[in-house]
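Chemist: Each chain, written out:
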Amino acid sequence: MLSKLWTTLAAAAIGLTALGSCALGGDTIKIGHYGSLTGAEATFGRSTDNGIKLAVEEINATGGVSVGGKKFKVELVSDDTEGKPEKAGTVVTKLITKDKVVAVLGEVASSVSLQGAPVCQEYGIPMITPSSTNPDVTKVGDMIFRVCFIDPFQGLACAQFARNDLKFSKVAILFDQASAYSVGLKDEFGKALNKLGGKIVSEQAYTKGASDFNAQLARIRETGPEAIFIPGYYSDVANIALQARKLGMTMPLLGGDGWDSEELAKNAGDAIDGCFYSNHYAPDQPTEIIKTFVGKYKAKFGGVPDGLAALGYDAANLLFDAMARAKSAGGTDLRAAIAASKNFKGVTGTITLNQDRDAVKPVVIVERKGGAWGFRAAIEPK
Amino acid sequence: MRPERTARKGGATGIVLPSARVDQFLQTLKDSIAIGSLYALIALGYTMVYGILKFINFAHSDIVVLGAWVSLTLARWLEAQTAAAWTAASPPGFYVGVFVLIAAMAFCGLVGFTIERLAYKPLRKAPRLNVLITAIGVSLFLQNIGQLERAFGTRPASIPALLPDRTLVAIGRVNITLLDLVGVGTALTLMVALEWLIFHTKLGRAMRAVSHSTTTASLMGIPVNRVISFTFVLGSALAAAGGFLWALKYQQIKQTADTSWTLLGLKAFVAAVVGGIGNVRGAMLGGLAIGTLEMFGSAYYRSSMADVYVFGLLIIVLLVRPGGILGKATVDKV
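Going down the list, the sequences are from chains A and B.
Take 1 as the starting number for the first sequence in this note's numbering and just add one per residue.
Take 1 as the starting number for the second sequence in this note's numbering and just add one per residue.
I should point out that these hints are in silico values taken from the structure, not numbers from a laboratory.
C-beta: ideal position from N, C-alpha, C; glycine also.
Wrong hints could be hidden among the right ones.
Pairwise CB distance ranges (calculated) [what the hints assert, rightly or not]: (1) B:I136 / A:K300: 49 to 55 Å; (2) A:G248 / B:S90: 32 to 38 Å; (3) B:F311 / A:G124: 54 to 60 Å; (4) A:K195 / B:L132: 53 to 59 Å; (5) A:E262 / B:L140: 25 to 31 Å; (6) A:G370 / B:L140: 41 to 47 Å; (7) B:L188 / A:T287: 57 to 63 Å; (8) A:K195 / B:L188: 50 to 56 Å; (9) A:D284 / B:A151: 33 to 39 Å; (10) A:K300 / B:K125: 31 to 37 Å; (11) A:G295 / B:I102: 44 to 50 Å.
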């Protein structure tokens with residue numbers, strides 16, 4: 001409550017100083033970020049915010065971004081959704097109408113992005129989601145973009161990895177029925193695994209907020225799968241892993257990018273050993289761009305950046321890249337410039353936006369081994 | 001076929017059962033009792049406050065959360081004082097767990113006392129709706145203050161192991177562990193203690209008198225305010241015990257405003273209503289009923305409908321027996 005009061009006061013102060021000048025007035029240009037800065041998936045929002053902050057700091061250090069031949073300092077306005085879909089509409093409306101941002105970044109969770117996107121579309125402000133992987137998000141309208149892959153590909157990559165690399169044929173699924181992300185990924189994984197000759201032996205559901213997974217796990221145990229696919233978020237996955245091991249289930253668990261948080265291994269401990277998840281990048285991949293990014297992030301925030309931080313960084317940089325090419329920072333011009341993004345060199349791979357405004361790029365499989373997450377395989381899009 | 005006994009490692013007795021169906025049944029039964037006793041423990045706080053003040057204390061589930069987080073913070077701090085990390089393989093002495101439990105109960109009891117004094121007591125003569133709204137305010141306050149980095153923060157955390165990982169009895173594939181026994185045992189012990197306190201002590205008699213009629217009780221010389229304070233302390237201490245056992249059972253606990261806590265509070269509240277709100281035995285019965293229904297429904301029908309069973313039962317009870325299973329039907333004259 002207190003922290004929120006301060007944010008409000010700070011926002012009010014910013015509002016007062018900016019009074020009488022719109023976002024383009026003076027020498028600054030404002031971009032907005034809406035994310036789960038508090039709430040159950042707070043690490044998602046905070047990591048993304050850190051990634052964006054790093055990108056903003058870098059561009060400002062070079063004198064700012066040039067739009068239509070004039071240099072502007074970039075100012076980031078971040079606002080909290082608490083990870084709640086019902087708050088997204090209000091927060092995004094506030095960013096656009098009150099803070100007058102020229103572009104919006106966010107959210108991580110697809111269910112939240114799906115509520116924020118229509119507002120951006122309505123006001124004609126481009127939105128780039130760093131990490132919402134549900135296909136429906138960019139289908140909201142032509143103002144909505146993303147710099148990550150989409151669930152059909154992520155599900156396919158997970159299934160390919162499970163079937164071709166790990167040679168599993170019997171896999172069970174435990175998914176969050178209240179999350180668009182989880183349901184979408186589950187469907188795609190199941191379809192892909194069946195096509196590859198594997199079989200889903202059991203499909204169990206839970207609802208966001210559940211803490212006890214014993215009943216579902218006991219049913220899965222009866223079907224004797226070689227692995228369990230859990231397309232959920234890290235805080236639930238930790239509980240599931242701990243309870244599965246207590247039930248004597250030792251098979252590897254597989255998941256998607258919702259697993260990506262250092263909290264998972266911290267809380268699940270040994271229970272998560274030998275598990276895999278698909279992600280946008282792995283911090284230990286030996287490329288120059290990743291090494292530089294990890295170094296800079298560590299120096300500023302301490303700790304290894306997760307995939308969401310990397311995507312936040314990429315989304316912001318892609319936006320700056322588009323701004324430099326845009327005729328003006330107006331919605332239509334900016335939109336056209338973002339849509340034309342090609343072979344943008346990001347931390348999470350080379351990003352080209354297709355006609356659906358989705359990024360086409362590889363999926364990385366990360367493995368927990370010897371107490372650390374490490375790069376295992378990269379699966380290229382076709 | 002007769003169950004045959006085999007020796008297992010760790011000195012546990014193993015009983016081999018013929019069928020996987022029995023396995024599943026016993027597993028579900030075990031989980032039902034484990035979760036049901038927790039619901040019951042938390043439901044007691046709702047029911048006691050309702051019995052005495054006739055209002056729903058919406059901040060009660062936040063005291064459970066506080067109990068869990070205080071236990072976790074204290075256990076971590078104690079662990080940091082010792083050289084070794086506490087794991088299920090190398091746990092601390094049993095007394096550490098007992099100490100953490102008692103400390104959490106005492107702390108939350110104090111918080112419960114303070115909340116009652118500051119938030120509810122000034123509203124004793126106000127319409128009941130005001131108190132209800134205040135309770136929601138207190139709940140939001142606790143949820144948000146808990147998210148501050150200086151308090152518990154926004155990240156999930158896990159409690160160090162306080163008990164050894166020991167299987168006491170193994171029936172088929174169902175292991176009854178020391179953790180299960182301690183969890184259910186503590187909950188039952190506290191419930192029996194409460195039952196004794198309410199029905200066999202002078203204080204308990206005073207509580208029952210206040211619950212029956214505040215005015216008459218005060219005319220009889222019962223210090224009503226003190227009894228109300230005590231009820232809050234008691235309810236909050238039980239909530240803290242619930243939080244502690246929750247943390248012990250699930251290891252990882254989520255931040256104070258997480259949906260899982262709201263859901264836990266709601267289910268415990270449903271348990272209190274199903275059993276008959278205001279009735280202590282009803283709360284215990286309701287907790288076990290909810291736990292059993294939820295677990296068996298998930299295990300034998302659809303796991304996706306776990307919450308539907310719970311709230312479905314609430315609807316049925318409210319339609320068929322509005323006073324709850326053990327509650328008295330009362331007629332309000334309008």
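Chemist: Of the hints stated earlier, which fail here?
Modeler: 1, 2, 3 and 10
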